[in-house]
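S.K.: From first to last, the protein sequence lines are chains A and B.
In terms of the working numbering, the first sequence is numbered consecutively and its last residue is 1043.
In terms of the working numbering, the second sequence is numbered consecutively and its last residue is 223.
Hints are computed from structural coordinates only; laboratory data are not their basis.
One should not assume that every hint holds.
In the DSS-like style, the derived pairs of lysine-lysine whose C-alpha atoms are separated by at most 25 Å in a straight line are [unchecked claim]:
(1) B:118 to A:12
(2) A:12 to A:393
(3) B:112 to B:158
(4) B:188 to B:158
(5) A:511 to B:118
(6) B:75 to A:511
(7) A:202 to A:233
(8) A:233 to A:258
(9) A:511 to B:188
(10) B:158 to A:315
(11) A:233 to A:393
Pairwise CB distance ranges (calculated) [what the hints assert, rightly or not]:
(12) B:116 to A:3: 53 to 61 Å
(13) A:566 to B:67: 55 to 63 Å
(14) A:566 to B:123: 28 to 36 Å
Below, a sample of chain B positions facing chain A; criterion: calculated Cβ distance under 7 Å [unchecked claim]:
(15) 72
(16) 73
(17) 75
(18) 87
(19) 221
Here the structure is a predicted model, which is why all the values come from computation and not from measurement.
Beta carbons: idealized from backbone N, C-alpha and C, even for Gly.
Listed below, chain by chain, are the residues.
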Amino acid sequence: MRTSTLLARNLKWYWRTNLAVLLGVATAAGVLGGALLVGDSVRTSLRDLVLARLGNTDYVVARNGFFRENLAAAFAAGTPIIATDGMVAHPASGRRALAVQIYGVDQRFGATPAGQQILLSAALAAELGAKPGDTLLVRVEKPSAIPLESLHGRKEDVGKTIRLTLGAIAPREFSLNPQQGDVRAAYVPLARLQQELGEIGKVNTILVSGGPLPDARGSVTLQDLGIEIRPLKDGLSLETDTTMIPDVLAERASATAKSLGLSTEPVLTYLANSIRANGREIPYSVVTALDAPPAPADPAGITLNQWAAHDLNAKPGDAVWLDYYVWRSDGRLHTESAPFRLAQIVPIAGAAADRDYAPEYPGITESNSLRDWDPPFPLDLHRVRSADEQYWKQYRTTPKAFIALARGQQLWGTRFGKLTSIRISPPSPAFADALRAALDPAQMGLTVIPVKARGLAASQGATDFGEYFVYFSFFLMVSALLLTGLFFKLGIEQRMREIGILRALGFSIAKIRAVFLLEGAVLAVAGSLLGLAGALAYGELIVLGLRTWWIGAVGTRLISLHPSIAALATGALAGIATGLGAIAWTLRKLEPVTPRGLLAGETKHGSAKPRVIIGIVAAILACILLAAALLRALDQTAGFFGAGTLLLVAAISFQSAVLNRRSSAIVGGLTTLALRNAAYRPGRSILCIAQIACATFLIVSIDAFRQTGDSAGTGGYPLMAESVLPLIHDPNTTAGRDALNIPPLPGVQFIPFRLRPGDDVSCLNLYQPRNPRILAPPAAFLRNAHFAFQDSVPHTPNPWLLLDSQLAGGAIPAVADANSMTYVLHLKLGEDFVLNQTRFRIVAALQDSLFQSELLISEKNFLRLFPDVEGYRFFLLDVSPQRAQEVTGTLEEALSDYGFDIQSTAARMAGFHKVENTYLSTFRSLGALGLVLGTVGLAAILLRNVLERRRELALLRAVGYRPSHLAALVLAENLLLLLMGLATGTVCALLAIAPAVSLRGGRFPIASVSLLLAAVLATGIGASLAATRAALRSPLLAALRSE
Amino acid sequence: MLDVSQIAKTYPTPRGPLTILSGVSFSLRRGDAAAIMGPSGAGKSTLLYILGGLEQPTSGTVTLDDRNPFSLSEKDLAAFRNQSIGFIFQDHCLLPQCSVLENVLVPTLVSKDGAGAKDRARELLTQVGLSDRLDHRPAELSGGEKQRVALARALILKPVLLLCDEPTGNLDQASADVVASLLLELHKLQQTILIVVTHSAELAARFPLRYELRNANLHPAGA
């Protein structure tokens, strides 16, 4: 006989109890392992999705503008494509899909649409209801090297519509952006798209597969970067296809020229609507700003050529006015005037006769006459005189006036640059190569993006589903562990006499505990091993839930279970540890009972006093936390969890004290007898109450956190809109509406936001956002202080104004929604998000707003950081809710060419809330599973109590109790425990959520919570009735005879 | 030698302390066998459990071979019980999950002196007439047989003091006779100090020393 023999005998003999313990541990281990598996599975599924959709693509070489298609040859396995966003309309069904990824591809890409055909991704085809042979209209933004928000940018026709025939469904899904949703993509023949966009032989993207990060420097030409070096008679002219020289290029070009011993002359040429003096005016004249003659050194001065001076009858010292257009960021063309003093008059010779100061303006410079001009701004041809035509014919773009460069930049400098060209002299063939070597292509917008590495990093996810489901399953695990402890406790109590015998035979408490712990360890290990299978099943169940019932939380059906050894091992080890912990906790009660008491089957009742003390301390601490949460000195969530836990501890301690108190009350009826019965095994009763109370607490409190479709986060704007193509004009003005073909809409106010597309930073995006979407509201919006803030640093009445503040270290102040900041970006107020070496510091957090998908920065900072991003693509619409539908129809129709999509802000909020509510539903469902386990525990206790008291019940029958009396007795005892659990959980939950409910306006979902509690009560009564039935079915009188 | 001096035991109750034993004193030497009788609730079992170190007296001392069990640590007290005391209860208190032989060997699991225990267990079981039931489970034995297993278990580690609480209380007359005979026979063989608490006058009559517990104290039977 060895201890192991005794152990084996024990395990075998008490197999029923042991099986229950084993199943309890298996449940806990399975739930934990399964929850962790879900995290791994979501990550792996996202990873697989990235890899499948990228195919062989590891890197992307891309530029805002277009570059040579042949640049692809410089990269190993480089595939040139055009990638842009657009919309696809299906005339047959009248449906249209916005924000579609449009790819211009050829055979190098793989799946290639033939001739006039288009391929659609399966999801897009289904959305449009299109079938092969159907006609589709694809509309994309027309590329324009010249910025739209500049005088010479063409604003009226920003899109291009292409008619194609649906060839087939694309055989593969392709997406450069990590996204868990369906791929909505259209594949257009590359050559056709190039032709339609006027970019023959050019692309904007190269897909590169394999190898290290490609270095574009060696292969990129200046032309690929939109830079042109034009040879002149006595030098070179550095120009760009945008007509403006970006500051960084200007700086590099000057430095390069200097390094080669060349001189530079910065040039800014502009078109003046009028040159006025002495009551005369010259229409539409080229004016050049220089740092050198013939421009005056004095910023207030102006030089006129002889032709202009003569035409104006001007002489040195005369006042001269320049009238000119400027495009302001408010989406309007303004006519402004600047006064000058005529400094000198120069003949049209030498530098003053240089017609190459002007860059090439489409619609102007190539025209043979002024009347042939087709500029992208209003032109009054009636003002053009024959003399003007004569000048144009003779001198073309030769400037009629020169001003100082500094003054010119002050008047006409833009965010796109402050020069139109740079003169290099003498002409040096080495300059072009030196400049190319000196330029970082990335600074000119041509970047190499490691899309695969970035996608894989993003697939780690914004949300750790493993962690979430561990939280969600926490109560289920606790229930399983409580049940484990409960069953083990029942087993121990069943074996009290055995323990007594062992002690009488000389076993020390430590030895007995060691034997039982060893027994528990075997059960815990076996249970955990069984839990591995349970983990797989539970993980599969949750993943199935995420694909179906809880799809609102993930927004994709492409999640599948990916078992991982780490998750399973963690679950198993945690199962062993927690199972052993629960067993050890049960065994702690062995010591205080004397061997004689054990032999008599006695269990020690605890003292009431320490329980009362614990209860009072916990209650006081809970009150402090509640008060702090109500006064906003403590975070609501921390207040809820802290106060809730303490309240539960307090309530259960008080009840434990009551049940442990030796009652001196005389049993006066079935109810007091039931109470006495419940107090006979106080540990069991408290475990039961605790389990039901915890479940009830969870379920009641979760319902109170459920988000409803309120409009608090909409800022009072009923509608919001987003366009595929940018709107350059201001729709709030008559001119802007005319330009956009919008009918007058009285009472409708547009709040236009600049938008830099990027990763959604809301809970709708499962991937970790690396490149967040950024919005810039107009300055007027900031002053009006719409939307509620959760907090800001520093505290201020209108945190929007913090966006205009200057932060130390050059960080850009940004506003984020509190939910996105905390749960997706994992940032706190005052922390930075770094994007391309720019630090965005969160200075204020919006409270549950519609801006959950983006960061918001000031328009000023936006224009500085993203000068290439033009126009407005996001709008809030201030309109009376009654007119919302009418306005939606009108605007979507009028702005259909822009892909203008209006959504109600309430629907937007509901979309976010759906995710949150789905999480809560998940939490509640798993909590309900915990409640099921609690009910199992209750039933087990009831049955156990009934079985142990068979003789007592038989005696009662012997002295005249009817079966109905016994049923009432058992039911009363069970209901007592049930009601104590329900009342404890409900009251504690109501108190704990009071701060949250108070801050949300005092709403509480009474109906749903009442219904839920009724269901729990019904379940408990069901369990009670089952136990009662068992009690009545057992041969009670036989129990008496067995004496 | 067992020395009991001025043992008292009171229990707190809601209505004040309840005195069970008061000033109990006696001495027994190896080879002595005593029966203690008394009405139910007189404190016989309490006295027995105090002698066995299972329950602490309120006052007074107990020494067995000059060792006071209540001065020992819990661990040493357990070892003391294991080595020096054997118990037999009215309800045999066998482990239902273990065989007859295993039940007898259970005390050896925590004994430092377990060498040859198995042989001794077989020998004891032979002596109590159960050599052919070694692998049987308690549920397969009669009441008398179970009590004989309990007797063998009590003697497995050659205790100095053998304490029996109503050892024949649950047995029929024939079985009770067998158990009583075995008890006395083995006691004589092993020279233990044997104390039996019983209601049975017939069993008590077989003991050379007989006491009666009355008014919380021990009196010679018939005195």
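S.K.: So, for every hint listed, does it hold in this structure?
M.R.: Hint-by-hint comparison with the structure:
| no. | hint | result |
| --- | --- | --- |
| 1 | B:118 to A:12 | holds (23 Å) |
| 2 | A:12 to A:393 | violated (111 Å) |
| 3 | B:112 to B:158 | holds (13 Å) |
| 4 | B:188 to B:158 | holds (12 Å) |
| 5 | A:511 to B:118 | holds (21 Å) |
| 6 | B:75 to A:511 | holds (9 Å) |
| 7 | A:202 to A:233 | violated (30 Å) |
| 8 | A:233 to A:258 | holds (20 Å) |
| 9 | A:511 to B:188 | violated (33 Å) |
| 10 | B:158 to A:315 | violated (138 Å) |
| 11 | A:233 to A:393 | holds (21 Å) |
| 12 | B:116 to A:3: 53 to 61 Å | violated (18 Å) |
| 13 | A:566 to B:67: 55 to 63 Å | holds (56 Å) |
| 14 | A:566 to B:123: 28 to 36 Å | violated (57 Å) |
| 15 | 72 | violated (11 Å) |
| 16 | 73 | violated (9 Å) |
| 17 | 75 | holds (5 Å) |
| 18 | 87 | holds (5 Å) |
| 19 | 221 | violated (25 Å) |
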